[in-house]
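Undergrad: So you can see what is in the structure, the chains are spelled out below.
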Amino acid sequence: MSTFTLRVFRGAGESGEFKEYRVESEEGMVVLDLIHRIQATQAGDLAVRWNCKAGKCGSCSAEIDGKPRLMCMTRMDLFQESEPITVAPIRGFPLIRDLVTNLAYNYAKAKEIPPLRLKPPEADGTYRMMQEDIDRIQEFHKCIECFLCQNVCHVIRDHEENKKVFAGPRFFIKVAGLAMHPLDTLDRTTFTKETAGIGLCNITKCCTEVCPEHIRITDNAIIPLKERVADEFFDPIVWVVRKLGGRDKPARS
Amino acid sequence: MAQLDYETHEHDVIVIGAGGAGLRAAIEAAAQGVSVGLVCKSLLGKAHTVMAEGGIAAALGNVWPEDNWQVHFRDTMRGGKMLNNWRMAQLHAQEAPERVLELERWGALFDRTKDGRILQRDFGGHRYARLAHVGDRTGLEMIRTLQYHGIHQGIDVYMECTIVRLLKDGDRVCGAVGYWRESGRFVVFKAKAVVLATGGIGKAWQVTSNSWEYTGDGHALALWAGADLIDMEFVQFHPTGMVWPLSVRGILVTEGVRGDGGTLKNSQGERFMFNYIPEFFKGETADNVAEADRWYEDKKNNRRTPDLLPRDEVARAINAEIKAGRGSPHGGVFLDICTRRPADYIRKRLPSMYHQFKELADVDITKEPMEVGPTCHYVMGGVRVDADSTQATVRGLFAAGEVAGGMHGSNRLGGNSLSDLLVFGRRAGLHAALYAKDFGGQLTVDSSQVEVITREALAPFDRVGGENPYAIQSELQATMQKLVGLIRVEAEMREALTRIEAFKARAGRVHVEGHRQYNPGWHTALDLQSLLTVAECCARAALERKESRGGHTRDDHPYTDDQWGKINVVLRLENDALRLTREPLPEMPAELKQLFQERK
Chain Z
1 MSTFTLRVFR GAGESGEFKE YRVESEEGMV VLDLIHRIQA TQAGDLAVRW NCKAGKCGSC
61 SAEIDGKPRL MCMTRMDLFQ ESEPITVAPI RGFPLIRDLV TNLAYNYAKA KEIPPLRLKP
121 PEADGTYRMM QEDIDRIQEF HKCIECFLCQ NVCHVIRDHE ENKKVFAGPR FFIKVAGLAM
181 HPLDTLDRTT FTKETAGIGL CNITKCCTEV CPEHIRITDN AIIPLKERVA DEFFDPIVWV
241 VRKLGGRDKP ARS
Chain P
254 MAQLDYETHE HDVIVIGAGG AGLRAAIEAA AQGVSVGLVC KSLLGKAHTV MAEGGIAAAL
314 GNVWPEDNWQ VHFRDTMRGG KMLNNWRMAQ LHAQEAPERV LELERWGALF DRTKDGRILQ
374 RDFGGHRYAR LAHVGDRTGL EMIRTLQYHG IHQGIDVYME CTIVRLLKDG DRVCGAVGYW
434 RESGRFVVFK AKAVVLATGG IGKAWQVTSN SWEYTGDGHA LALWAGADLI DMEFVQFHPT
494 GMVWPLSVRG ILVTEGVRGD GGTLKNSQGE RFMFNYIPEF FKGETADNVA EADRWYEDKK
554 NNRRTPDLLP RDEVARAINA EIKAGRGSPH GGVFLDICTR RPADYIRKRL PSMYHQFKEL
614 ADVDITKEPM EVGPTCHYVM GGVRVDADST QATVRGLFAA GEVAGGMHGS NRLGGNSLSD
674 LLVFGRRAGL HAALYAKDFG GQLTVDSSQV EVITREALAP FDRVGGENPY AIQSELQATM
734 QKLVGLIRVE AEMREALTRI EAFKARAGRV HVEGHRQYNP GWHTALDLQS LLTVAECCAR
794 AALERKESRG GHTRDDHPYT DDQWGKINVV LRLENDALRL TREPLPEMPA ELKQLFQERK
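Protein sequence lines, in the order shown, are assigned to chains Z and P.
Residue numbering for the first sequence follows the working numbering, starting at 1 and increasing by one per position.
Residue numbering for the second sequence follows the working numbering, starting at 254 and increasing by one per position.
In case anyone wonders, no lab produced these hints; they're calculated from the structure.
Backbone N, C-alpha and C fix where the C-beta goes; we use that ideal spot for every residue, glycine too.
Where hints are given, some of them may not hold.
Claimed, not checked - In silico negatives: residues of chain P with every beta carbon more than 12 Å from chain Z:
id, residue
1, 284
2, 347
3, 381
4, 531
5, 551
6, 695
7, 757
To be verified - Examples of chain Z residues toward chain P, derived with CB under 7 Å:
id, residue
8, 27
9, 29
10, 39
11, 97
12, 115
13, 137
14, 138
Claimed, not checked - Lysine-lysine pairs mimicking DSS-like chemistry, simulated, CA-CA at most 27 Å apart:
id, chain 1, residue 1, chain 2, residue 2
15, P, 367, Z, 119
16, P, 601, Z, 142
17, Z, 164, Z, 205
18, Z, 226, Z, 163
19, P, 552, P, 601
20, P, 535, P, 552
21, P, 367, Z, 142
22, Z, 164, Z, 109
23, P, 535, P, 576
24, P, 443, Z, 111
25, Z, 193, Z, 111
26, Z, 142, P, 620
27, P, 819, P, 535
28, P, 799, P, 735
29, P, 611, Z, 142
30, Z, 164, Z, 67
31, Z, 205, Z, 226
32, Z, 142, Z, 111
33, P, 601, Z, 205
34, P, 611, Z, 67
35, Z, 205, Z, 142
36, P, 611, Z, 205
37, Z, 164, Z, 226
38, P, 553, P, 535
All chains should be built: construct the whole structure from the sequences, respecting the hints.
TA: Encoded structure:
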């Protein structure tokens, strides 16, 4: 048993401050356990989002000593008992209360992405896909929507105005997952360029570094998408082929 | 009367709960052309389905062409010790394959066979490898697929909104009252039909795989609205939850570990499951290590390993080993996959288990065994529904998924939950929409009902001193764990009921600090109402059933009794008092009974 000092952000809307709590910790505990202890014994109204407490649902994102992490996967033995630990809400989104932020931006962006447009089935009415053709997309499907990548992406973190024209890394892997999906027939290149705003990303890989699922967001999703956009819009041969038809019309929204 | 402070939304159908069943119900109702509202207790995509690991059971026959709905039906009924609603089990087995293929058409990417079809994995109680899966994160794939399909279907989604009561217009349900977590303000949903898809009750126990949301809301909402609950004594303790460190105690370890070759061992290294094969499953279970080991490679000529007996059997066996002093250092038993399977295989098939043990317990499962023990996982009991339409015993109310009772009898097979969500989620959405279309007359919401509900909900702010909601919740969990757990006896359950009465009195004196905006103390206080209700239902039903069957084991009535095999324990409110009756189980038709004779 050891005792830690947690400096937890308390506040709502535009205002707030860090409050200190002394909390006991036992072997194997994580930051979320201590937050729950504060709730149960010292501050019943301390607001925090969480669900699975096993790194699977992506609800408990926070900035712990300035580092964006899942509270349920951040073990207390990472820290020194003598040093206070700062727990703050993720900064990229508007504060609701304490450790809870408004994630509406992400749900709005999700809705903009044109969904799967299915190709016709095989003769027996089913679909065949080879494992090697879906390995990459299964990597993208590991996303738990913790939105830590969205939180650290500097295109929007400090530029509120870009949120209108930029989907963010979580949704680039969503678009890439559809673009590479063996059963999909829709061309989302124009969408990727114009609505999702992939050109604004300058590949600093902050998103990849912070991903708790270790999805190689930049290398495996963003760069291939950028290449598709470049091929489609800046390669003269592709441009002619596209003008002559043969593929589905690009999606616009 | 003062103007009541709440907003109102009107829909033909509202769906309460946005896990697999709720999302599937909303999608189907929207497809019928009615207006649909989907109410989520958390953010969209975070519901408990996201944590499901092993797979979706469906007799696709991709790995074993011999598989078909009859075999799946038979396995499900036998797994439930024949107490299942036969019609639900039949519909489930028949429709599950199409529901899985439909997910694929909506973008889900299941692991593949060599010829490009959906791969299926072995699981407890399933005769053939039957579970469509994505590594050990099948629930995530399922909820994302439904979520991203659902957001384009014109459904209105209300996130972080908790329903506290249903509204009645005469004998029919006409909506619900809830509050927004963010603002603490109240909201009324006026609806012709209400679908409950709220999941389970596992938060009433201390060691559980369930998240904070699982407070039995839908069970309690239905009961309070006058509907019947059945089979509430049947709670599944999953045999393999993490046991160490304490902070992760109860977190699920997928049955897929055993499906993919993991075996259970005690502190002496003995594969103890061979000592616990019940008569009922002797014919299909290997009785020696050599045959069980051969089964992994040759399933035609060998019987399956007892490590893959249904969950109730395995949980009891583990419990007995621990009690006999043959447990692991932290009070579990060992689950070992590293001696049978290479590290690459384990990381590919069970990435999330690998990650979970590595990060949270410093255990590398490719090199050493896991320590596991039983954890409260699932409630078989729930709202009594019509099998085909999912309609409850109150008009306008439908229920699907874990909140509905009957489908799984006294014990659910692994993998049958995700398929249940899809099959009966779709049916609930369909029949709620049809009901709403047929609905004649005016919908009337009685504002005095709303007033009473909201006033009661706000009471905890006004009290001074009083009880801490977190303390009552944690004492209730300890009580259920100790007195209405995996193994039960009459005196302990009576003691539990006495304590629950005391908790109810204390819950009436709960005080919360602060204001209504995103206040977890207040949310916990409100959730206590449903949690105490379901805990009482479980204890009452468990006390009544004087036999052992599936997820209900009585030390004082250790045997299965054929007479009890024909009875459901039913609970309903009469004049605000909980009334319990024994009612006959629906009789299976002769042509289905035959399926159980042929293979004897």
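Undergrad: The structure should be examined with respect to each hint, and the outcome stated for every one.
TA: Hint check:
no., hint, result
1, 284, "holds (15 Å)"
2, 347, "holds (17 Å)"
3, 381, "holds (19 Å)"
4, 531, "holds (32 Å)"
5, 551, "holds (24 Å)"
6, 695, "holds (34 Å)"
7, 757, "holds (20 Å)"
8, 27, "holds (6 Å)"
9, 29, "holds (4 Å)"
10, 39, "holds (6 Å)"
11, 97, "holds (4 Å)"
12, 115, "holds (5 Å)"
13, 137, "holds (6 Å)"
14, 138, "holds (6 Å)"
15, 367/P x 119/Z, "holds (21 Å)"
16, 601/P x 142/Z, "holds (13 Å)"
17, 164/Z x 205/Z, "holds (21 Å)"
18, 226/Z x 163/Z, "holds (19 Å)"
19, 552/P x 601/P, "holds (23 Å)"
20, 535/P x 552/P, "holds (16 Å)"
21, 367/P x 142/Z, "holds (22 Å)"
22, 164/Z x 109/Z, "holds (9 Å)"
23, 535/P x 576/P, "holds (24 Å)"
24, 443/P x 111/Z, "holds (26 Å)"
25, 193/Z x 111/Z, "holds (17 Å)"
26, 142/Z x 620/P, "holds (24 Å)"
27, 819/P x 535/P, "holds (23 Å)"
28, 799/P x 735/P, "holds (19 Å)"
29, 611/P x 142/Z, "holds (18 Å)"
30, 164/Z x 67/Z, "holds (26 Å)"
31, 205/Z x 226/Z, "holds (14 Å)"
32, 142/Z x 111/Z, "holds (19 Å)"
33, 601/P x 205/Z, "holds (25 Å)"
34, 611/P x 67/Z, "holds (21 Å)"
35, 205/Z x 142/Z, "holds (18 Å)"
36, 611/P x 205/Z, "holds (25 Å)"
37, 164/Z x 226/Z, "holds (19 Å)"
38, 553/P x 535/P, "holds (17 Å)"
In summary, this structure violates none of the numbered hints.
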